[in-house]
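*Asks:* Chains A and B are the protein sequences, given in the same order. Residues in the first sequence are numbered from 1 upward in steps of one, following the working numbering. Residues in the second sequence are numbered from 96 upward in steps of one, following the working numbering.
Watch out, some of these pointers could steer you wrong.
Stated by the list, open to error - Pairs of lysine-lysine, DSSO-like flavour, derived with a Cα cap of 30 Å: (1) Lys424(B) x Lys344(B); (2) Lys424(B) x Lys148(B); (3) Lys148(B) x Lys59(A); (4) Lys59(A) x Lys11(A); (5) Lys52(A) x Lys4(A); (6) Lys57(A) x Lys11(A); (7) Lys476(B) x Lys424(B); (8) Lys377(B) x Lys424(B); (9) Lys249(B) x Lys52(A); (10) Lys258(B) x Lys424(B); (11) Lys474(B) x Lys415(B); (12) Lys211(B) x Lys11(A); (13) Lys377(B) x Lys59(A); (14) Lys57(A) x Lys377(B); (15) Lys4(A) x Lys211(B); (16) Lys211(B) x Lys415(B); (17) Lys377(B) x Lys474(B); (18) Lys424(B) x Lys57(A); (19) Lys211(B) x Lys52(A); (20) Lys377(B) x Lys476(B); (21) Lys57(A) x Lys4(A); (22) Lys172(B) x Lys249(B); (23) Lys344(B) x Lys258(B); (24) Lys476(B) x Lys415(B).
Unchecked claim - Far from chain B, by Cβ distances over 10 Å, these chain A residues were calculated: (25) Ala6; (26) Asp15; (27) Arg21; (28) Ser23; (29) Pro32; (30) Gln33; (31) Gly50; (32) Val53; (33) Lys59; (34) Gly60; (35) Arg63; (36) Glu73.
Think of the hints as simulated: they come from the structure by calculation, not from any bench. Ideal Cβ placement from N, Cα and C applies to all residues, glycine included.
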Amino acid sequence: MNTKVAVTVLKPRDDVERAWRASSEVAGLDAPQLRDAPGDRGTEIHVDGGGKVAREKVKGQLRRFKQQLETGEVARAEGSEDGVRQSPAQAAGAR
Amino acid sequence: MRATVWSGRNTVQVENVPDPQIVNRRDAIVRITSTAICGSDLHLYDGYIPTMKHGDILGHEFMGEVVEVGPDTGDLKVGDRVVVPFPIACGNCWSCQSGLFSLCENSNPNAVIAEKAFGHSTAGIFGYSHLTGGYPGGQAEYARVPYADVGPLKLDEEIEDDKVLFLSDIFPTGYMGAEFCGITGGESIAVLGAGPVGQFAIASAVMLGAEQVIAVDRHDYRLQMARNRAGATDIVNLEDEPELVERLKELTGGRGPDAVIDAVGMEATHAHGLLHTFDRVKQASRSETDRGEALRDAILAVRPGGVVSVIGVYGGLMDKFPTGALMNKGITLRTGQCHVQRYLRPLYERIRDGDIDPSFVITHRLGLDLAPDAYETFKHKLDECVKVVLTP
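Bound conformation, chain A alone (with noise of 0.2 Å):
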């Protein structure tokens, strides 16, 4: 089976490598297959999502780091610290 996960960021390779070495986001994670996009749609990140548990969890560390990188910042629907926990759709604050 295809454990293989990957995410496209609209960044040059070399912005998407420094950032990678960089970021606290993907820390632990094996390095990563880096390919340019086609129709310049920026680097595509291809890392090995180990086993069905693990792969959603590494998704989602992909997912912030396209997030930090090309937003400058992690979404957030209310204010966890972490960006994984989400609660209820209710103002910052409301626990």
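Based on these hints, arrange chain B on the given structure of chain A.
*Replies:* Relative to the frame of chain A, chain B by itself:
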């Protein structure tokens, strides 16, 4: 602050909740001056959109005044008056860069839930379940607006809330539905559903140059608005004319409309005998989320080679989808949540220039504290309700 919260199926309450706070550097906090209830809020109210939780703040159509900004909100300043688009979009990813803001790749913190339902995640949406991010909504006194450097439209001129509030969703949504039809002049367009989005789809089709625009609904007062205010040339009341496909063909000389816009979505109520009963049973037992009569009729009525434009909201799965007609008639299917950010400026200019005054759909105005009554009035179409505006 006071906010409208979801408390289970058919129940909303206005409660005291903590004020929103700046969470990320590109956030702003908006003090809301006007907000509205959307037809798609009724899908939440009725319990057909999964992943709602008790206490979720509703509302995705709102505008107001910026009262706080994070350090990276660009030109946006405290005191600016803004209309906020309902899709939350980063402006940086490939989708946003391509103008596909409702498909933003970064704004949904619950992308993992959306991927399971749809294969991919789409943009976060204010006050619209955890599938689209779990962001608190705008039927409240204040809201946190992420990526505030990208989304909000700054209003530099004096213009009343009523004229611009619907730039947040329903006017651009209706406009995009008409734009999907590829109108170049002289077309016949049918619009299924004469609710607020349908009204704007009709008005937009007229603005874009359609020659014949047929409004379809079950409520005469909505059809009168479609004809007298939005500019429909023909109206069809399904209560009188249940054979919709035949009627639309006849109205278009047997050709069928060049395009049909589905502004109904997942809770169609057009009675259709056995198939309707089948849908009601499936949906009531939660084994089908989407009652598909409007979409089925659109596909059967449209002329061969025509366009079916889907802007009514669907949430999950429907049965008895007419794939044979879809394929053999060579239909182009266009769909999507509106890329509001793309339309804000050009449609604002149309309003400012007097081409259209979107406030014609407003039938009810209430204080925010009366939101529970407003939902009931809107849902049951009491008192000839088309659109409710709430004032915090």
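*Asks:* Going through the numbered hints above, which ones does this structure break? Give me the numbers in ascending order.
*Replies:* Hints 2, 7, 9, 10, 13, 14, 18, 23, 33, 34, 35 and 36 are the ones this structure does not satisfy, whereas the remaining hints hold.
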